[in-house]
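**Student:** Here is how the chains run, residue by residue.
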Amino acid sequence: MEDSAIVDLYWQRSDRAIEETDRKYGRYCHTIAYNFCADHRDAEECVNDTWLCAWNLMPDKRPSLLSSFLGAITRSLAINRYKARTRKKRGGGETALALEELSECIPDRTDVERSYESKEFEAAIGRFVRGLSETERKIFVSRYWYMAPVAEIAERLHFSLGKTKSILFRLRGRLRTYLQEEGLW
Amino acid sequence: MVDAWFLLNAMNGIGPEEVREAGSFLQAGKSPRLPRRRRLWTAALAAALLALLFSAFAYAQGWFGLSGRVTASESSSPYAPQEGSVGTRGYMASNGYADSPESLAGAEWQRVYWEMADEALEHNSPGWPEDMGEYAQTAMIYGAFDQEMLDALLSIGDRYGLAIHTAFLHLGFENEHFTEDTGVGAFLTRPDLGDDWSCHCIFEDGSFKGEGGLHLDGKELLYSLERYKSGMVDPYAFFVKDTADFEEWQLELDGRTLELALAPDVDWPNGYIFYRSGDLYVTVRIDSNPLELRDGRLFGEDLSREALEALAARFDYAELTGENDNN
Numbered sequence: 001m002e003d004s005a006i007v008d009l010y011w012q013r014s015d016r017a018i019e020e021t022d023r024k025y026g027r028y029c030h031t032i033a034y035n036f037c038a039d040h041r042d043a044e045e046c047v048n049d050t051w052l053c054a055w056n057l058m059p060d061k062r063p064s065l066l067s068s069f070l071g072a073i074t075r076s077l078a079i080n081r082y083k084a085r086t087r088k089k090r091g092g093g094e095t096a097l098a099l100e101e102l103s104e105c106i107p108d109r110t111d112v113e114r115s116y117e118s119k120e121f122e123a124a125i126g127r128f129v130r131g132l133s134e135t136e137r138k139i140f141v142s143r144y145w146y147m148a149p150v151a152e153i154a155e156r157l158h159f160s161l162g163k164t165k166s167i168l169f170r171l172r173g174r175l176r177t178y179l180q181e182e183g184l185w
Numbered sequence: 186m187v188d189a190w191f192l193l194n195a196m197n198g199i200g201p202e203e204v205r206e207a208g209s210f211l212q213a214g215k216s217p218r219l220p221r222r223r224r225l226w227t228a229a230l231a232a233a234l235l236a237l238l239f240s241a242f243a244y245a246q247g248w249f250g251l252s253g254r255v256t257a258s259e260s261s262s263p264y265a266p267q268e269g270s271v272g273t274r275g276y277m278a279s280n281g282y283a284d285s286p287e288s289l290a291g292a293e294w295q296r297v298y299w300e301m302a303d304e305a306l307e308h309n310s311p312g313w314p315e316d317m318g319e320y321a322q323t324a325m326i327y328g329a330f331d332q333e334m335l336d337a338l339l340s341i342g343d344r345y346g347l348a349i350h351t352a353f354l355h356l357g358f359e360n361e362h363f364t365e366d367t368g369v370g371a372f373l374t375r376p377d378l379g380d381d382w383s384c385h386c387i388f389e390d391g392s393f394k395g396e397g398g399l400h401l402d403g404k405e406l407l408y409s410l411e412r413y414k415s416g417m418v419d420p421y422a423f424f425v426k427d428t429a430d431f432e433e434w435q436l437e438l439d440g441r442t443l444e445l446a447l448a449p450d451v452d453w454p455n456g457y458i459f460y461r462s463g464d465l466y467v468t469v470r471i472d473s474n475p476l477e478l479r480d481g482r483l484f485g486e487d488l489s490r491e492a493l494e495a496l497a498a499r500f501d502y503a504e505l506t507g508e509n510d511n512n
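As you go down the protein sequences, you meet chains D and Z in turn.
1 is the number of the first residue of the first sequence in my numbering; add one for each residue after it.
186 is the number of the first residue of the second sequence in my numbering; add one for each residue after it.
Quick caveat, the hints were computed from the structure, so don't treat them as lab data.
Treat the hints with care, since some could be wrong.
As the list claims (entries may be wrong) - Here are the computed lysine-lysine pairs in the PhoX-like style, where the Cα-Cα straight-line distance is at most 25 Å:
no. : chain 1 : residue 1 : chain 2 : residue 2
1   : D       : Lys165    : Z       : Lys414
2   : Z       : Lys404    : Z       : Lys414
3   : Z       : Lys414    : D       : Lys83
4   : D       : Lys83     : D       : Lys163
5   : Z       : Lys404    : D       : Lys24
6   : D       : Lys119    : D       : Lys165
7   : Z       : Lys394    : D       : Lys163
As the list claims (entries may be wrong) - Selected chain Z positions facing chain D (Cβ under 10 Å, derived; list incomplete):
no. : residue
8   : Asp188
9   : Ala189
10  : Tyr282
11  : Thr374
12  : Pro376
13  : Leu378
14  : Gly379
15  : Ser383
16  : Gly391
17  : Gly395
18  : His400
19  : Leu401
20  : Asp402
21  : Gly403
22  : Tyr408
For every residue, glycine included, the Cβ atom is placed at its ideal position computed from N, Cα and C.
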């Protein structure tokens, strides 16, 4: 079913809205959630919560890219679930690894007194990503938006694991520099 | 407060079209692998025999190029070559030659680590251990999940008479204290061409590794550079699939002998530059395949012998190994 037709079902408050969404995007959203949670039960709950959020958001929203809309909801839910679960325990999995990687992008001397606006960073990261080459963009977004394992990214590109990690390393360096040049650090 | 979580959440700023693009990329079925160049069996056998003979002869003659640095090994590491080869395949230490204590210890640690890691991953997500006491940094450096893994690492060090890294002096992009921590100043000879470098980590003994880009004929080529000391268990794995793929030779540069290896058809890395001075080993790995992906195929260029020699001249080996300080 086309995305626009699925969105119409939400606007019509049809019972079929969730069913069609689950059929088309259930696996997609489950993958996103699992990459963060590393637990199928948690991932399944994130997906179910995503459908509830979607039901509550449409109407009024009418997303043009339903996959991205649903994926963003799932991602946020999965991040919160992961944080809650690992608050007292240093967890593992892809999320922990990605957090370790992203910590490299933060200069040692960030101003603890300064209030950092998340919206500014979101906009800057969006610009940064749009400026990347196609390959770099796929690698970066796959890793830090989808939390895809590096090995999976490497395999899809037919790159070696080492090469993919090198590319990610350089992209993180460029992101750090970019955020500094934007005056955000 | 700004932390990694902050950045992770800020990824919400990535636009829906970019998210969709990456989603399609991740969900796409596997593309057929690019065809490998076939070899005639007799040619492959001849290459294997030549490689073996060359390795034995070269080692006896004090040749310490790629062939002289790979220790045959088996490991379940995802980095390790699993398929067959006609030359030597196995582990390459960054601080020792083939079958040296450093190379044997490093190969054994990689085998042990991945055996234990596979089991840990099956039952639980691994994370840094909570409390390893005085060995907390060591555990982080070598990736030891628990006391059992740490004990295995320490045992390997003891048996081969090698020390274990105990601390990161630096981890990440900040380069402010690089010279102070390593004794190395500016070592790129042509920064005017856009060549750059970012240090990834520095250990307590001044060993370091990092990555950068070299510019040649209008393209940027990725490279990694390590300068390690002998006498330590190497924490990082590097495996070579098949030394027979590589052409190897020596280059005399400013009175120093560099060992080069080149294999244009091999994926990262396909160019090596080795230099040793005393107990310091410099290893440069170059990827001659630029980043462009066109029509689903890698856009790569053969790296010529002359180009690799030109790139070898982009580094000041005297600076990297402290020879300038001794003059």
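**Student:** Where does the structure disagree with the numbered hints, that is, which hint numbers, in rising order?
**Tutor:** Hint check: 2, 3, 4, 5, 6, 10, 11, 12, 13, 14, 16, 18, 19, 20, 21 fail, others pass.
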